[in-house]
Amino acid sequence: RCHRYQCQLPAAGCERGKELERSRRRFGARGTAGAAAMPPKVPARSPQSQIGPAVKPVQSRIPKSISRKRDEDASTEVGEGADEWTLSKTLLKPPDQLELTEAELKEEVTRILTANNPHAPQNIVRYSFKERAYKPISFVDQLAIHFSLDGNLLLRDSDEGRRQSARIGLEPDLAPVASTVIEVEETEVKEEGSKEDIPAASAEEAAEGEEPPSHSMKEQKLTNQFNFCERASQTFNNPVRERACQMEPPPRATFSATANQWEIYDAYVEELHKLEKSKEKEKQKPLVAKKEDKLRGRKLTSLESQSDDVTKVTKAAKIVERMVNQNTFDDIAQDFKYFEDPADEYRDQEGTLLPLWKFQYDKAKRLAVTAICWNPKYKDLFAVGHGSYDFMKQSRGMLLLYTMKNPSFPEYIFSSESGIMCLDIHNDHPYLLVVGYYDGNVAIYNLKKSHSQPGYKSSAKSGKHTDPVWQVKWQKDDLDNNLNFFSISSDGRIVSWTLVKNELVHSDVIRLSVEGTTLEGPEGLQLQTIGCGTSFDFHKKIDSLFLIGTEEGKIYKCSKSYSSQFLDTFDAHHMAVDAVSWNPYHMKVFISCSSDWTVKIWDHTIKTPMFIFDLNSAVGDVAWAPYSSTIFAAVTTDGKAHVFDLSINKYEAICSQPVVAKKKNKITHVQFNPIYPIIIIGDDRGHVTCLKLSPNLRKMPKEKKGQEIQKGPEVEIAKLDKLLNLVREPANKPAK
Amino acid sequence: FRPCPIATVARRESRSHAGDSSCASLAMAEVEETLKRIQAHKGVIGTIVVNAEGIPIRTTLDNSTTVQYAGLLHQLTMKARSTVRDIDPQNDLTFLRIRSKKHEIMVAPDKEYLLIVIQNPCE
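Chains as they are written, first to last, in full-length UniProt numbering: chain A, 1 to 736; chain B, 1 to 123.
None of these hints come from the bench; they were simulated from the model. Be careful, since some hints might not be right.
As the list claims (entries may be wrong) - In silico BS3-like pairs for lysine-lysine, Cα to Cα no more than 30 Å straight-line:
1) Lys111(B) / Lys405(A)
2) Lys102(B) / Lys379(A)
3) Lys358(A) / Lys102(B)
4) Lys377(A) / Lys111(B)
5) Lys277(A) / Lys42(B)
6) Lys111(B) / Lys449(A)
7) Lys277(A) / Lys111(B)
8) Lys36(B) / Lys363(A)
9) Lys42(B) / Lys365(A)
Unchecked claim - Ranges of calculated distance between the beta carbons of each label pair, as one might list FRET restraints:
10) Arg243(A) / Gln68(B): 53 to 59 Å
11) Lys393(A) / Ser82(B): 58 to 64 Å
12) Ala52(B) / Arg243(A): 46 to 52 Å
As the structure is a computational prediction, the values presented were derived from the model and not from experiment. For glycine and all other residues, C-beta sits at the position ideal for the given N, C-alpha and C.
If we strip away everything but chain A, and leave its shape as in the complex, we get (with noise of 0.2 Å):
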């Protein structure tokens, strides 16, 4: 072959094949770079490809002789591509090319452009009967049909169109034979049936005379104008009525709702506490007690759901009057909290009490304070009892709660008729308050009941004192769980009472006398003198040691396994002493004072005071601190509190400050809180100040330089130890 691809000359008979071997000569294999004339091969042999190899190449190639000049002008890339495509692979000549001859290579071939289809064949022959051969057809059909497409127009004219010009309704143009055979033929269809033969025929003529009005009118139905008649039925239509039913529409609410965790978690808390409930009626059932209980509480609650909406804000509206009373003593309150006087570092030992709140209630103004005390569990929360100690001015009495967190108003008012004297509140029942009043009953409130009157109280049956009670306090529960406590008054009688079945039982533990003195009475019978007591304590440990102070000023050691006999016996003081105080850290060592203006501090082994102090005026209470064994505070009658501190300074107080406004204003008591540095000072106005005190006051045993701190009671112990050895060796008599 002249060159690759199908061409049908022999090898270098056609020119392309010779610029061909004309750049193979020149490049080699890789050839045609250079070649630019080279028309694409693939194009321009495809139509060569369907022709027979016995076709002449002249005539075969003339159609396509224009398209292929074309590529060879045109372009050089394209060519230069297939090219490259072409000649990348090594000139192969099938083996079947057929091999020319030089001069046939360079033979000129011509070609012209005609306009036969080279797909029409050139010969086709027909077979003749009249010469009985074949004979070939002179004409054959050139035509080459490339695309045929056949449309939906039709002439109007037409048969078809005129059929269907017809079927719409326009005016026939003519009526050709052939329709009117039609129209015929339709006519007859339709009056088929019930028309016999005659009027059949006759039909016919009526429809043949007929045909061109009956044409226009074709889709009107023909009827037959002698006995056609029209037939047609109708059904009977029912009345309509129309029945529906409408219910009230159920009532609707809206509801939504969020479900967040803690939703969840209350349904759930919910079902436990529905759960307990349950459980618990079924446990509760045998026990009639608890019936009434929840009969009462069943009643109860209906009644409050009646009751108006204000109770339920209860809670709220204690919450809030803390607030608004936080906001108004604002500055009391961060006081309170964060206030350490920064002057103390001059002042060397010295210290202040900063006033901080002042309670006081309107009924209880003309009441003075007879006793305080903190509440064991709620450290903000403190009881205070007011009474008189006029012997002449004798009028009720009231015991108010008051809690730090609202100064303005007391917290629970309990009144009652006579003067309260002393109150205790219980430790493990912080709920529980025992109260001693002038008339001599004492009384025990409970807090979570709601009544203003006493749980239980005394009367004089039940033994109560016939002088003023002077000083109550708990006891640690007896041996069958009962409550109970010890009082002790003027008549002389230390009695210990105890709640036995919801009743008072009382029992005198010791008779107070007078040593020494022994009046003659009627008949000559030796009368005792009954000595007075006024104040006693407990000791910190040792359960069954107490301490008594008498109006005589004796301070008595007693047990209260001995009734009869006192352990040991103090000549303390020269007028009644009015507090005695076991220390609470060191075992032995207690404190008293008195209305002779002295403040001794003792050690109950030891017959004469280790440390006394003067204070110019007659000395209401003192109080040991509960942070450290060597400090205490006093309150006199002339309005100031003194606060010691025996580590520090032995003989002065470290604090002597006028507490109340006015001068006539006697303090009467004074508690130490027993967490935070504050004292409460009540005074005979009925007014309760709270002051903090400064830290001079509150000082700790320094720690040396590489010990470390050493806490706990010991140390106290330890402290006040030292003290004494100093003070005990020289100090057999009074150090005035």
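Assemble chain B onto chain A, guided by the hints.
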């Protein structure tokens, strides 16, 4: 511990129904008194009691102000409570204080009610 409000009952053992209702009425009196005290306190401008739907049931301010405060603070309190409880479902909102330049609004939510107090804290 928070005991029931004080009630004068003759004897402890015998508690009649009359006693119960008097207890309730005394409770009401106690709360009324507390609210009066709050209102009379220094610097308090007004108090509003709002029920669970945000409708004020008791107020010492004028109507429009009350309605405004009630609506807004009710939503805020619900949101605050939801926040607190979302963080820890065992926790609950005790109170809410909003201190502004002019005064302080204190809200104490209860189970069904809301107590709002507006106070001008004395500086």
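Comparing the hints with the structure gives:
1. This hinted pair checks out: Lys111(B) and Lys405(A) have alpha carbons roughly 23 Å apart, not beyond 30 Å.
2. Simply put, Lys102(B) and Lys379(A) have alpha-carbon atoms about 34 Å apart, too far for the 30 Å limit, and the pair is violated.
3. Between Lys358(A) and Lys102(B) the alpha-carbon distance is near 28 Å, which keeps this suggested pair within the 30 Å criterion.
4. With a C-alpha separation of about 27 Å, the suggested pairing of Lys377(A) with Lys111(B) holds against the 30 Å cut-off.
5. Between Lys277(A) and Lys42(B), the direct Cα distance comes to roughly 45 Å. Violation of the 30 Å bound is thereby established for this hinted pair.
6. For the hint linking Lys111(B) to Lys449(A), the alpha-carbon distance of about 23 Å falls within 30 Å, and the restraint holds.
7. A threshold of 30 Å between alpha carbons decides the hint, and for Lys277(A) with Lys111(B) the separation of about 21 Å falls inside it, so the pair holds.
8. About 18 Å separates the Cα atoms of Lys36(B) and Lys363(A), which keeps this hinted pair within 30 Å; it holds.
9. Only pairs whose Cα atoms come within 30 Å are accepted, and Lys42(B) paired with Lys365(A) is accepted, the gap being roughly 21 Å.
10. Judged by the Cβ atoms, the range 53 to 59 Å given for Arg243(A) and Gln68(B) holds: they are separated by roughly 55 Å.
11. Range check, Lys393(A) to Ser82(B): Cβ separation about 59 Å, and the 58 to 64 Å hint holds.
12. At about 47 Å, the CB distance of Ala52(B) to Arg243(A) agrees with the hint of 46 to 52 Å.
When each numbered hint is compared with the structure, violations occur for hints 2 and 5.
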